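**Student:** Position chain L with the ligand relative to chain F; hints supplied.
Below, each chain spelled out in residue letters.
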Amino acid sequence: MNLPGAVSPTDPDLVSTGHRAVAVSPGAEPDGSRRPRRKVLVTTVSSDAHTWNLVFLQKVIEELGCDVVNLGPCVPDDLLVSACLEHRPDLVVVSSVNGHGHQDGLRLIRRVSERSELSHLPFVIGGKLGMDGGEDEDRPAQLLRAGFRGVFEDNPASLSLFRSFLAQLPSGSEL
Amino acid sequence: MNTVAGLGEFVARARDRGELVVQPRMGFADPERMREGLLATRDVDATTIGTITLDSYTRVGDLRAAEDALAAGEGLNGYPIVTHSPQTTDQLLSGLLSEDFPVQVRHGSARPLDIFAALARSRLTATEGGPVSYCLPYGRVPLRESVQNWSRSCELFARLGDLGLRPHLETFGGCMLGQLCPPGELVALSVLEALFFRAHGLRSISLSYAQQTHPGQDAEALEALRSLAGELLGPIDWHVVLYAYMGVFPLTESGAGALMDDAAALAVRTGTERLIVKTVVESLRIPTIAENVRSLRAAAVAARRTPRPIGARRPDPAPPSPQTEVYYEARAIVDAVLDLDEDPGNALLKAFDRGILDIPYCLHPDNRGRTSSYIDDSGRLRWAETGDLPVRPCAAGQKNKTVTSSEFQEALTYVSRKYDAQAYDTQCSAVCDTEQHPLPPPGRRTDPRGT
Ligand code: B12
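Those protein sequence lines, which keep their order, are chains F and L. Reading the first sequence from the start, the letters are residues 1 to 175 in our numbering. Reading the second sequence from the start, the letters are residues 1001 to 1451 in our numbering.
Just chain F, with the same shape it has in the complex (with noise of 0.2 Å):
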């Protein structure tokens, strides 16, 4: 898969500093034109119980198109990752809030990577990462750097940022 609008994630202009939201545009779709439904799956990491969170997630993604495969609650990093293979989404949006995100998600987008036949497949993930209200500055960089394609810490500006990138998802046939 080759996702042209792509930005490496270590790009400096990545980290917008007003806030810390951080977007990488997956792929935009210049012509506009129809496109078949893309599939997302949505999921949190594996000790993180909230839902609240992924029900509310799987309608904004409907809205816009999408259909949503949401796995629950305390999902493993094994179930991902089979859940990955058996659906074939064109998306992973990891969603988190009670604090165990950061490094949950590092561990996750680690084993996500070893992983060939899942190396094309942008992840995600948002919500509230760390304990620290929201204000380690090192947080975002350090999850891309590990391979997520977007970063959507919890703040007013972070929706707009992930419904703008996910208009301009492609679906995995053009992938």
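Certain hints may be false.
The list that follows gives simulated cross-link-like pairs (lysine-lysine, BS3-like), each with its CA atoms no further than 25 Å apart [said to hold, decoys possible]: (1) L:1401 x F:39; (2) F:59 x L:1418; (3) F:39 x F:59; (4) F:59 x L:1401.
Just so you know, the hints here were simulated from the structure itself, not pulled from any lab data. Note that this is a predicted model, so its numbers are computed, not measured.
**Tutor:** Relative to chain F, chain L with the ligand alone:
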């Protein structure tokens, strides 16, 4: 053998003195900080109980991750009681546990055997949970397995009685996902879990209920809970515990403060014996010790200025059943569940299987997911769809309508917006009564106190 009084006796003594017991939700990975937090809780000018809240890795049984996080010095969102050595926990508690300062462990695990073993080792005699309430909101462990685990854990815990200790267990069933579950089902679940605990040997129990969207409806729920407990539990030691709001919290400090003051007043007005507080940073992050202490103090102050109902010190053991909607709903659900099987654990399993119990918006595979709720114009939390629950939905028009993400967000933030708006209004009338100020957009932290 001398019996060491436990949490139940402590609360009963406070009730006799006319004092509300207040308790934080506190948990730190570092034993020294945890000890400091307990000491600070003990020394607040209020009748307090200490709390040790466990981290998420311990809850899901991923002990390796807890160990790795400790070794790497990374934060944990609670105290890893199974991973720290028994000596570490004993040191943390040394000279602290007493009949005048009970400490309760709160977790959220459907596989709690190792946690209960750790409690027993450290002579910790108060905890919380339930086969349903520590399963459905906390992960993907099958309900059947949780019921088995909780049966064995309760029996193990009850055996602390043989050592002259008085184990106390609190239901978490009055909370269920924190928000948007109508009070009738919360009350029913709390009562059903209390019956489950009793069936497995516990003789000192508390029944929880979490503050929801409407103070009048909440008062009815607490009254219904007390009546049903009186009718069904028989002669064991029990009391009622209220949780300050467990859903999306106000973003402003004064909004959060007002919501917590209302919780304290609600507890006193209804003769509730114990209150578990939140803090002004709830919407943001895990609070510090100082933030917890401030909440405990504020709750005690709010409680002292609320008039108590007559007879609260010696509640009528058999009050007449209340004639309220919440009571009828809760009673109908409890009766329908208990009719399914003599054993409360089996009855709970059958009830979820048939949808007689069904929690709105719960993603757990053993939950049918055919119910939904809404907040009516008066602010009461009601049923939109009842699936196979033995109660009727309230609004004809709400049925089968797909809720959009923004409607969903609106329901989730109903309480926080209400209290943040009050905070904002107060500021406007005090500081700038001539100017029209729009409400802050949702999600932005605006603190009128800070301006
Ligand atoms: C309800 C709740 C619970 C319920 C959850 C029930 C359930 N099954 O969902 C219960 C009571 C069970 C619970 C348990 C715990 N909780 Co809790 N919980 C909350 C609470 C009060 C509300 C969360 C909520 O419903 N939000 C509504 C949803 C729609 O919004 P959201 O989750 O905030 O997500 C928004 C954004 O973050 C964003 N977003 C989220 N993910 C993503 C992803 C992407 C890609 C994008 C673009 C955006 C995005 O979109 C959402 C809408 O704006 C919050 C505090 C608060 N906010 O007031 C604490 C809170 C999240 N919980 C917390 C904690 C720590 C826990 C526990 C570990 C207990 C503890 N130690 O205190 C356990 C979890 C156990 C576990 N294994 O994980 C902490 C997290 C601290 C942190 N991150 O620093 C919080 C902040 C409370 C606090 N101040 O301590 N909790």
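**Student:** Each hint needs a verdict: does it hold in this structure or not?
**Tutor:** Going down the list of hints, with the structure as the test:
1. L:1401 x F:39: holds, 24 Å
2. F:59 x L:1418: Holds, at about 24 Å.
3. F:39 x F:59: holds, 13 Å
4. F:59 x L:1401: holds, 14 Å
Checked against the numbered hints above, the structure breaks none of them.
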